[in-house]
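What follows is each chain in one-letter form.
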Amino acid sequence: MRLGAAIAKGVKLLVGIVVAILWRRPRERAERLPEIESPTLEREVTGGAGATLTVVAMLVAAALALAGFTVLYIVLPDTQALGLTIGLGLVLLGVALAVAGKAVVPQEQAESDYHDFGDELERTAIEHEVRESGEGVTRRGLLLAAGGAAAAAGGAAVIVPLASLGPNPPSPPFSTPWGPGRKVVDAEGTAITADEIEEGSMVLGFPDGVEDKSVFGASILVVRLPVAELELPPGREAGAPEGILAFSRICPHAGCAISMYRHPVFAPTAPGPALVCPCHYSTFDPRRGGALEFGPAGRPLPQLPLRLDERRELEAAGDFYEMVGPSYGGVRQDVPGDAS
Amino acid sequence: MSRGRRRFWIVASVLLGLAAIVSAVAADHPATAAPGASAEAPPADSVIVQQGRRLFEQGCSDCHGFDAKGIAGVAPDLHGVGAISADFYLRTGRMPLDDPHDEPLRSDSPYDQGEIAALVAYVGSLGGPGVPPAIDTAGADVARGQELFTENCAGCHQVVGQGGIMPGAVAPDLRASTPLDVAEAVDVGPYVMPTFKRLTDDDVADIAAYVTYTHDPEDRGGWGIGHIGPIPEGMVAWLLAGAALLIAIRLIGERTTR
Amino acid sequence: MPAMSALDERLGVSPGARKLMRYVFPDHWSFMLGEVALYSFVVLVLTGIFLTFFYVPSDATTVYQGSYDPLVGASMGEQFRSVLHISFDVPAGLLMRQTHHWAANVFIVAIVLHALRILLTGAYRKPRELNYWIGVTMVGLALLEGFLGYSLGDDLLSGMGLVIAYSVALAIPFLGEYLTFLVWGGEYPGTTDFWPRLEIAHALIIPVVIAGLIGLHLVQIMRQHHTQFAGGGGSEKKVVGTPTWPGYALRSLGLFAIVAGLLFLLGGLVQINPIWEWGPYETWLSTNGAQPDWYLGWLIGGLRLMPPLELQVGGYTVVPTPFWGGLLFPTIVFGILYAWPFIGRRFFDGPGKHNVLDRPRDNPTRTGAVLALTAWVFTIFAAGAADRLYFRTFIPYEAQVWFFRGMAFVLPVIVFFVARRLARELQRRETHPLRGTSARIVRRTETGGFERARASPEEG
Numbered sequence: 001m002r003l004g005a006a007i008a009k010g011v012k013l014l015v016g017i018v019v020a021i022l023w024r025r026p027r028e029r030a031e032r033l034p035e036i037e038s039p040t041l042e043r044e045v046t047g048g049a050g051a052t053l054t055v056v057a058m059l060v061a062a063a064l065a066l067a068g069f070t071v072l073y074i075v076l077p078d079t080q081a082l083g084l085t086i087g088l089g090l091v092l093l094g095v096a097l098a099v100a101g102k103a104v105v106p107q108e109q110a111e112s113d114y115h116d117f118g119d120e121l122e123r124t125a126i127e128h129e130v131r132e133s134g135e136g137v138t139r140r141g142l143l144l145a146a147g148g149a150a151a152a153a154g155g156a157a158v159i160v161p162l163a164s165l166g167p168n169p170p171s172p173p174f175s176t177p178w179g180p181g182r183k184v185v186d187a188e189g190t191a192i193t194a195d196e197i198e199e200g201s202m203v204l205g206f207p208d209g210v211e212d213k214s215v216f217g218a219s220i221l222v223v224r225l226p227v228a229e230l231e232l233p234p235g236r237e238a239g240a241p242e243g244i245l246a247f248s249r250i251c252p253h254a255g256c257a258i259s260m261y262r263h264p265v266f267a268p269t270a271p272g273p274a275l276v277c278p279c280h281y282s283t284f285d286p287r288r289g290g291a292l293e294f295g296p297a298g299r300p301l302p303q304l305p306l307r308l309d310e311r312r313e314l315e316a317a318g319d320f321y322e323m324v325g326p327s328y329g330g331v332r333q334d335v336p337g338d339a340s
Numbered sequence: 001m002s003r004g005r006r007r008f009w010i011v012a013s014v015l016l017g018l019a020a021i022v023s024a025v026a027a028d029h030p031a032t033a034a035p036g037a038s039a040e041a042p043p044a045d046s047v048i049v050q051q052g053r054r055l056f057e058q059g060c061s062d063c064h065g066f067d068a069k070g071i072a073g074v075a076p077d078l079h080g081v082g083a084i085s086a087d088f089y090l091r092t093g094r095m096p097l098d099d100p101h102d103e104p105l106r107s108d109s110p111y112d113q114g115e116i117a118a119l120v121a122y123v124g125s126l127g128g129p130g131v132p133p134a135i136d137t138a139g140a141d142v143a144r145g146q147e148l149f150t151e152n153c154a155g156c157h158q159v160v161g162q163g164g165i166m167p168g169a170v171a172p173d174l175r176a177s178t179p180l181d182v183a184e185a186v187d188v189g190p191y192v193m194p195t196f197k198r199l200t201d202d203d204v205a206d207i208a209a210y211v212t213y214t215h216d217p218e219d220r221g222g223w224g225i226g227h228i229g230p231i232p233e234g235m236v237a238w239l240l241a242g243a244a245l246l247i248a249i250r251l252i253g254e255r256t257t258r
Numbered sequence: 001m002p003a004m005s006a007l008d009e010r011l012g013v014s015p016g017a018r019k020l021m022r023y024v025f026p027d028h029w030s031f032m033l034g035e036v037a038l039y040s041f042v043v044l045v046l047t048g049i050f051l052t053f054f055y056v057p058s059d060a061t062t063v064y065q066g067s068y069d070p071l072v073g074a075s076m077g078e079q080f081r082s083v084l085h086i087s088f089d090v091p092a093g094l095l096m097r098q099t100h101h102w103a104a105n106v107f108i109v110a111i112v113l114h115a116l117r118i119l120l121t122g123a124y125r126k127p128r129e130l131n132y133w134i135g136v137t138m139v140g141l142a143l144l145e146g147f148l149g150y151s152l153g154d155d156l157l158s159g160m161g162l163v164i165a166y167s168v169a170l171a172i173p174f175l176g177e178y179l180t181f182l183v184w185g186g187e188y189p190g191t192t193d194f195w196p197r198l199e200i201a202h203a204l205i206i207p208v209v210i211a212g213l214i215g216l217h218l219v220q221i222m223r224q225h226h227t228q229f230a231g232g233g234g235s236e237k238k239v240v241g242t243p244t245w246p247g248y249a250l251r252s253l254g255l256f257a258i259v260a261g262l263l264f265l266l267g268g269l270v271q272i273n274p275i276w277e278w279g280p281y282e283t284w285l286s287t288n289g290a291q292p293d294w295y296l297g298w299l300i301g302g303l304r305l306m307p308p309l310e311l312q313v314g315g316y317t318v319v320p321t322p323f324w325g326g327l328l329f330p331t332i333v334f335g336i337l338y339a340w341p342f343i344g345r346r347f348f349d350g351p352g353k354h355n356v357l358d359r360p361r362d363n364p365t366r367t368g369a370v371l372a373l374t375a376w377v378f379t380i381f382a383a384g385a386a387d388r389l390y391f392r393t394f395i396p397y398e399a400q401v402w403f404f405r406g407m408a409f410v411l412p413v414i415v416f417f418v419a420r421r422l423a424r425e426l427q428r429r430e431t432h433p434l435r436g437t438s439a440r441i442v443r444r445t446e447t448g449g450f451e452r453a454r455a456s457p458e459e460g
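Protein chains in written order, with the working numbering: chain A, 1 to 340; chain B, 1 to 258; chain C, 1 to 460.
Simulated from the structure, these hints should not be mistaken for lab results. Among the hints, erroneous ones may be present.
[Claimed, not checked] Among the chain B residues that face chain C by a calculated CB cut under 8 Å, a handful are:
| no. | residue |
| --- | --- |
| 1 | V47 |
| 2 | Q50 |
| 3 | I71 |
| 4 | V160 |
| 5 | V170 |
| 6 | D219 |
[Said to hold, decoys possible] Stretches of chain C that chain A covers, calculated by requiring three or more beta carbons in the stretch to come under 8 Å of a beta carbon on chain A:
| no. | segment |
| --- | --- |
| 7 | 158-171 |
| 8 | 253-266 |
| 9 | 320-327 |
Ideal Cβ positions, reconstructed from N, Cα and C, are used throughout, including at glycine.
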């Protein structure tokens with residue numbers, strides 16, 4: 001009981017202080033104050049004790065929550081607990097301020113003039129000044145031309161160093177480490193044999209002995225399909241030994257990794273084999289050498305010709321039939337990449 | 001109901017009862033007995049295979065043919081697919097299908113455990129790989145599992161196993177997938193999923209451990225909102241934060257009316 | 001107030017301060033949308049500064065040894081590791097990171113709502129076109145800034161976003177190759193120079209430009225004063241509202257604290273971009289269901305909806321497909337936004353200065369046009385998430401793509417006519433007398449638009 005009374009007394013004192021601070025009326029708005037641009041239209045002194053008490057209560061709660069944040073930070077910096085304390089503290093503080101702004105301080109309406117900009121006299125004066133500044137100047141054309149040349153050359157000199165940012169793109173811009181005899185290995189560098197590629201399996205492959213696997217022209221996908229089902233573009237049969245096909249892992253649309261392979265267990269009741277990009281769902285048909293079946297890609301998925309060595313390990317028989325990587329202005333549609 | 005028909009049902013019920021007992025016994029030692037034991041296919045004339053054959057003829061033969069040799073254009077021949085395939089499709093409720101053109105998806109199986117064991121035994125007796133032994137993920141490396149999963153599985157199943165689509169098919173989420181499901185699916189390549197036979201047993205165990213981890217990943221940041229990234233995040237930004245802020249400015253934004 | 005006099009005697013600040021204190025804020029809740037954006041930006045700057053102390057802009061390969069067990073031993077770039085470090089080993093780091101990310105998402109929500117308010121009420125009209133264009137520029141910068149921040153982590157999602165951005169930039173006819181080689185320092189995924197560039201752009205250049213534009217935005221508002229709705233006692237000549245001091249300042253500061261509090265609550269309680277669950281990116285990796293942050297959803301929609309139209313000449317590609325959806329589409333949208341004051345003047349706003357705003361119903365043609373543009377962008381935005389829709393509904397993806405392609409053309413037209421009709425209906429049914437002093441007569445112009453007849457007494 002005594003404690004309750006003490007708390008009540010304390011709260012009253014606190015309220016008193018806050019009210020005293022907030023309610024301190026401006027000392028005599030005397031006539032000698034300079035004129036204000038936005039005169040008051042109406043003014044209502046609201047500061048009721050109820051609203052003030054609410055504000056005080058919320059400020060105290062905010063202070064507790066925010067202090068809790070500091071304590072927790074030292075004792076137990078758990079993300080959820082930290083977020084809860086600082087978040088709640090700030091929201092309480094915000095509500096307190098908003099209530100104070102709406103129900104404690106005087107509510108005022110004022111008006112202000114919209115300026116009507118545009119001063120014709122001043123503009124005329126400026127024109128006059130400008131005209132005057134050219135008085136007695138001869139060879140204006142020459143001056144202007146020379147000035148223009150200096151400005152243009154200066155502007156170019158400012159911009160030119162930006163070229164240091166990167167090299168000129170070679171042609172074609174994307175390198176590929178593949179070429180005749182380059183072994184196909186897995187992520188760990190182990191050679192992949194033809195017998196490990198069964199119909200329906202999908203294997204991620206890389207060029208052997210290449211440091212940088214991350215360029216567009218490096219990673220490939222290896223699948224196997226029945227030779228009888230293949231309808232490869234003319235001249236590509238040799239690049240698909242036993243029906244084993246390799247394609248660039250990089251979508252020619254927007255460069256994402258082709259990581260979906262759709263291969264039906266039972267063809268009559270399921271969609272046919274396809275390589276699909278998960279970004280925009282470009283769908284390529286491996287049986288037709290990566291021709292587009294659906295989606296936004298503008299070119300087929302580049303195919304890499306394969307051959308088997310004497311140990312039946314996979315190796316490239318050349319470079320990709322098409323250029324790898326996303327399309328760029330100037331990319332050839334249907335011609336093999338430079339096999340250099 | 002004809003007399004013959006009734007007799008059939010009586011026999012079937014007895015067999016089902018037997019199967020229930022068998023499965024109850026089997027279920028007592030699931031870790032040791034159930035998956036491992038079926039690796040060795042029971043002889044073709046054993047009780048369980050006969051029971052499975054009976055169930056097959058009732059429930060599966062419409063599509064797969066009376067002797068499981070398949071029906072052209074409807075459903076595949078099951079000779080040689082092995083117990084592993086039957087176990088995966090039946091245990092996860094992907095079979096039986098209402099319509100053979102539907103995509104088989106995880107559902108509640110109409111068969112009980114004993115019936116599934118019998119069907120698996122029957123299909124297993126037609127040849128092909130057995131059910132793999134139990135996958136032990138205790139010593140598996142989750143980090144390596146995540147790496148392998150991202151390389152091989154995330155393209156379709158999403159990196160936290162929330163599933164996804166491709167034109168023509170759904171790649172199911174893996175929220176209910178057990179390590180055994182993972183191991184079987186990797187070998188079987190159900191529906192349009194490819195197979196991954198280059199993965200070693202250790203690889204598969206790591207992947208299975210990662211899939212198990214994704215069932216309850218470490219959401220250090222709080223509420224996980226589905227583990228699919230920006231779509232639910234955008235919804236929270238608009239529907240939760242946006243709405244809350246609209247309410248706030250509606251309340252703060254105007255002077256209290258006189 | 002000794003501090004005040006000390007400052008005033010040295011710098012003469014009191015007239016300016018008084019002017020600021022007496023600046024008049026017209027009362028309408030929708031005028032606070034811009035403030036929500038501003039305060040989100042402040043939270044972004046503060047949390048962002050914290051994050052810069054820990055982020056490492058390097059793609060050097062490292063092996064993770066931090067306290068997140070499931071990735072211990074995984075090889076990754078330094079930048080990814082540093083974000084894991086912030087998330088798991090820096091006290092309050094994850095809170096700051098998540099709050100930063102939520103603030104970015106909410107920042108752009110507020111910007112979009114603010115922009116819609118400006119467009120629907122005609123606040124962009126003379127004399128405020130300049131400020132409107134600054135605003136549109138800030139929308140573009142905010143999108144870019146958000147994308148760069150999303151990219152910094154080099155996690156699986158952001159890497160996929162970055163390669164798409166690369167491909168879209170590459171698709172700029174004739175310039176693409178040069179531009180991408182400049183920005184990335186070479187062919188994708190770029191040289192070691194790229195990551196510091198990304199960080200400097202995200203943490204210094206663009207925020208400074210945005211902050212400068214915000215300053216300009218506010219100075220112009222101060223100079224021209226807020227617009228206002230009719231009915232508050234103001235007119236085309238006079239603005240009426242609450243002066244800054246004390247009421248409005250307290251309310252606005254309160255809003256700041258509420259915005260910040262809400263963002264911290266989200267940052268602490270709702271997980272955003274858990275990169276440890278996505279894992280590090282490599283060019284050969286991708287995941288299903290990858291999405292950019294919501295505010296770039298309209299671009300992935302554009303990329304997905306575009307049929308494979310590659311403009312070719314003699315077997316050579318001139319314009320690759322990502323150009324249409326990823327670049328031409330946003331260029332058109334921003335072109336329309338920049339041209340909006342001219343479009344308005346020609347078709348539905350008429351000439352002349354305006355300080356008093358229209359309610360959406362007051363100018364049905366404009367309202368129809370704004371909502372039609374919104375519907376167009378929103379349809380394509382929705383198409384960007386159609387794959388998750390398919391996952392839930394089993395409507396074939398191809399069918400959805402065709403549906404959205406059709407809707408992108410049909411919906412804006414429908415929305416235009418429905419919204420215009422609705423606005424007219426609302427106008428007609430308005431039974432209560434028009435509030436305030438500026439009574440209005442709306443007259444149909446020759447071009448089919450509407451203009452307000454200059455009939456009210458104060459407007460002379």
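Right, here's what the structure says about each hint:
1. Given the 8 Å rule on beta carbons, the hint for V47 (chain B) is violated: about 41 Å separates it from the nearest Cβ of chain C.
2. Interface hint status for Q50 (chain B): violated, as the beta-carbon distance to the closest one in chain C is roughly 39 Å, over 8 Å.
3. A least Cβ separation of about 26 Å between I71 (chain B) and chain C goes past the 8 Å threshold, and the interface hint is therefore violated.
4. The criterion of a C-beta within 8 Å of any C-beta in chain C is met by V160 (chain B), whose closest approach is roughly 5 Å, and the hint holds.
5. With a least beta-carbon distance of about 6 Å to chain C, the hint placing V170 (chain B) at the interface is held under the 8 Å criterion.
6. Contact between D219 (chain B) and chain C, as hinted, is supported at the beta carbon level, the nearest pair being about 5 Å apart and thus within 8 Å.
7. With 8 residues carrying a beta carbon less than 8 Å from a beta carbon of chain A, the segment 158-171 of chain C meets the three-residue requirement, and the given coverage holds.
8. Residue count for the segment 253-266 of chain C with a Cβ under 8 Å from a Cβ of chain A: 14. That meets the three needed, and the coverage hint holds.
9. Only when three residues or more bring their CB closer than 8 Å to a CB of chain A does the claim for the segment 320-327 of chain C stand; here the count is 5, and the claim holds.
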